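Enquirer: Next come the chains, spelled out residue by residue.
Protein chains: 2
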Amino acid sequence: MTYCCALRLKEGLVFVSDTRTNAGVDHISVFRKLYIFGQPGKRFFTIQTSGNLATTQAVIGFLKNQLTIKQEPNLYSVNTMFEVAELVGQTLKKVINDVTTDTLEQSNYYCSLLLGGQIGHEPMQLYNIYPQGNFICATKDTPFFQIGESKYGKPILDRALAYDMPLDEALRCSLISFDSTLRSNVSVGMPLDVVVYQKDSLIVPNGKRIFESDKYFQRISHEWSDLLKKGLLDLPKPTCDYFE
Amino acid sequence: MTYCCALRLKEGLVFVSDTRTNAGVDHISVFRKLYIFGQPGKRFFTIQTSGNLATTQAVIGFLKNQLTIKQEPNLYSVNTMFEVAELVGQTLKKVINDVTTDTLEQSNYYCSLLLGGQIGHEPMQLYNIYPQGNFICATKDTPFFQIGESKYGKPILDRALAYDMPLDEALRCSLISFDSTLRSNVSVGMPLDVVVYQKDSLIVPNGKRIFESDKYFQRISHEWSDLLKKGLLDLPKPTCDYFE
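Protein chains in written order, with this note's numbering: chain L, 13 to 256; chain B, 13 to 256.
You may find that some hints are simply not true.
Calculated pairs, DSBU-like style, for lysine-lysine (alpha carbon to alpha carbon, straight line, at most 30 Å) [what the hints assert, rightly or not]:
hint: 1; chain 1: L; residue 1: Lys-105; chain 2: L; residue 2: Lys-54
hint: 2; chain 1: B; residue 1: Lys-106; chain 2: L; residue 2: Lys-242
hint: 3; chain 1: L; residue 1: Lys-211; chain 2: B; residue 2: Lys-227
hint: 4; chain 1: B; residue 1: Lys-82; chain 2: B; residue 2: Lys-106
hint: 5; chain 1: B; residue 1: Lys-249; chain 2: L; residue 2: Lys-227
hint: 6; chain 1: L; residue 1: Lys-249; chain 2: B; residue 2: Lys-227
hint: 7; chain 1: L; residue 1: Lys-22; chain 2: B; residue 2: Lys-106
hint: 8; chain 1: B; residue 1: Lys-242; chain 2: L; residue 2: Lys-241
hint: 9; chain 1: L; residue 1: Lys-152; chain 2: L; residue 2: Lys-22
hint: 10; chain 1: L; residue 1: Lys-54; chain 2: L; residue 2: Lys-22
Everything labelled a hint here was simulated from the structure, so no lab data went into it. Only a predicted model underlies this, so the values are computations on that prediction, with no experimental measurement involved.
Work the whole structure out from these sequences, hints included.
Expert: What follows is the structure, given as structure tokens:
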């Protein structure tokens, strides 16, 4: 399984992905699902992947190979984020069609992708790209996307995330979303990959990998559990009619 | 869709169910999914249902009809909670087999049931009963079961619920679990049905129905959201390397 989430906020973009893959619970591996692309001062984007690992690695492989052999169009030749989304979507569709053209069988090879970034001083964009190659983009009303095992981590995003929230607060919100998912589903696992992009910086961040031993992550995980337990106690007591 | 959860704790039992059923998002109805049975001073139990509505209503219908026509074994004639679970499981299996014996087609008629209660001064029990008629029972290690749309509401139970928690605190925990689910999935809906049973009381509670206008539920929902937002702000800020 997999959990990836991406936020497109007023001040920038936040991306978090886990790294666990499994073919049955007895075959668990660590694979990166968050890929960083960019040319400092010109363009930056990430692609996050969920689904069939052969498909996702083939998509990233094709896109990187186009850059290596300078075949156009490629990620660094297209002009807008919309064109990047089209290129990635068409690559995904081609990869699946290369395996099988049987539409029923194709679902075995499906994957979903999140693409977020900025080119020049055009607005930042965040896309959710489907196996069919089409996509939707995030808006102020719905500033985040999730792919993979999204349900455990959705309540905190639904309650607390807002488009105009500072990036460091949004990052804490998404890390708590991951901590909740890690606790409730063993098929989502550490380490996590995190990338934060400041709007209009056109810096290509290195990103950070969070291992189980990460002191900051351990601390917010413990503090959050304590907060919830104390918070429950502080809520007003149920009225008598609940017990009748 | 549906969300039901049931807790078997040191001090008693807590049951909460939503009431929304849907055949497509354009066909939504309110149906009770929490049924109360009992003989004051002798036995008490509830059955919560998730899945095909015709199946769940047939199961409850058969069980009630056995009581009406005094056909034995029935819910009030069997001696232990284990025998109640067997009776309910076999009734469920029979209802599905009556519709079709094709095992592939049967899955269309599946439902899951939670059964919890106490007979005399035997220990309280909580069972999760599968469409095949077999079941598992809750333990101190795993003091709760969920059926239906369980994922959104699981993190708070995983983090905060404990076997030796007072009933009123456990009730608050389960109501927050429902509030999180209601916010994240429109196929789970108000009103909610709640039953709290005090260990060894052998009282048959009436239960409470929580409507959208319920002041107490509104209050804990708002206070919880405020708590989470404030809690995120109070967490230590991410270190600089998250932004590099």
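Enquirer: Tell me the numbers of any earlier hints that the structure contravenes, in ascending order.
Expert: Structure breaks hints 2, 3 and 7.
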